[in-house]
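Novice: Residue numbering for the sequence shown follows the numbering used here, beginning at 237 and increasing consecutively.
Take the hints with a grain of salt, since some may be wrong.
To be verified - Label-pair distances were calculated between CB atoms; the ranges are:
{"id": "1", "residue 1": "343", "residue 2": "449", "range": "43 to 51 Å"}
{"id": "2", "residue 1": "425", "residue 2": "324", "range": "17 to 25 Å"}
{"id": "3", "residue 1": "251", "residue 2": "441", "range": "31 to 39 Å"}
{"id": "4", "residue 1": "438", "residue 2": "246", "range": "25 to 33 Å"}
{"id": "5", "residue 1": "321", "residue 2": "461", "range": "13 to 21 Å"}
{"id": "6", "residue 1": "449", "residue 2": "348", "range": "38 to 46 Å"}
{"id": "7", "residue 1": "248", "residue 2": "438", "range": "24 to 32 Å"}
Hints listed in this document are in silico derivations from the structure and should not be mistaken for laboratory results. None of these values were measured; they are calculated from a predicted model. Every residue, glycine too, gets a C-beta built ideally from N, C-alpha and C.
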Amino acid sequence: MGHLDHASFGWLTPVLSYVMACIGAALGLRCTVRALGATGRSRRNWLVTAASAIGSGIWTMHFVAMLGFGVSGTDIRYDVPLTIVSLLVAMAVVCVGVFAVGYGKDRARALFLGGLTTGLGVASMHYLGMAAVRLHGDVTYDPALVGLSVLIAVVAATAALWAALNIRSPVAVTIASLIMGAAVTSMHYTAMFAVSVRVTPSGTVLPGATAMQFIFPLAVGLGSYLFLTSAFVALSPTSREREASASAQRSVESVVPQGATGP
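Model the full structure from these sequences, guided by the hints.
Specialist: See the structure below:
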């Protein structure tokens, strides 16, 4: 059996992965809150942004954590197409979940379906990402820990969507995001502790890309996207601010004609 190291860079990758999970959760919650206060095309656009933020945050968390993953006795490579598929799956399934909440008539039913769908999507993203790992040996999983990781993913997703429906204040969103980030990170490491590797020494070159060749640049790109989108959301006026601005504009337009006098 190969010795598995889940933090070969020390606390750097666990802490950084947690930060990315929190940023994705916070941004997704804020966008969902904006969506629930909007209508028509604006609601759809906010929900799409929320899904991309949560999906990107979870995927980035996973693969930032994977930068610290190592197995003694073998190199590790990643199948590039399958890794990209895991990102697309994360975004697509999270999108289904937030749209279920954003447009659902029955809040309880929408929350259940959205949480279940999103949680299973998060778990699918993780195990697709693990399926993209290439090494000299065989990977096996502890079924009990796999089941626990899926359960954590579903509960975390449901809690996040509940927070999006019921929490409005920035402070509460921040606290919910920290809890959501902890839940997602716990899901990842629970799933990783389910992994065992039986190394088969070999001199053949493994197919795929190293983490630094592919995962690191993509994670940096997605992280930059999350930060830029966070700035956009922070600078965008809320529905209340738009209503207040429109009301003030109407007041000005109604006063100006009355105060205008001719010679």
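Novice: Each hint: holds or not?
Specialist: Verification of the hints:
Roughly 45 Å separates the CB atoms of residue 343 and residue 449, a value that falls within the hinted 43 to 51 Å. Residue 425 and residue 324 have their C-beta atoms about 24 Å apart, which keeps the hinted 17 to 25 Å range intact. Range check, residue 251 to residue 441: Cβ separation about 33 Å, and the 31 to 39 Å hint holds. Checked against the hint of 25 to 33 Å, the pair residue 438 and residue 246 passes, with Cβ atoms roughly 29 Å apart.
For the hinted restraint 13 to 21 Å between residue 321 and residue 461, the CB-CB distance of approximately 19 Å keeps it satisfied. Distance hint check for residue 449 and residue 348: the Cβ-Cβ separation is about 41 Å, which falls inside the suggested range of 38 to 46 Å. Between residue 248 and residue 438 the beta carbons are some 30 Å apart, a value that agrees with the proposed interval 24 to 32 Å.
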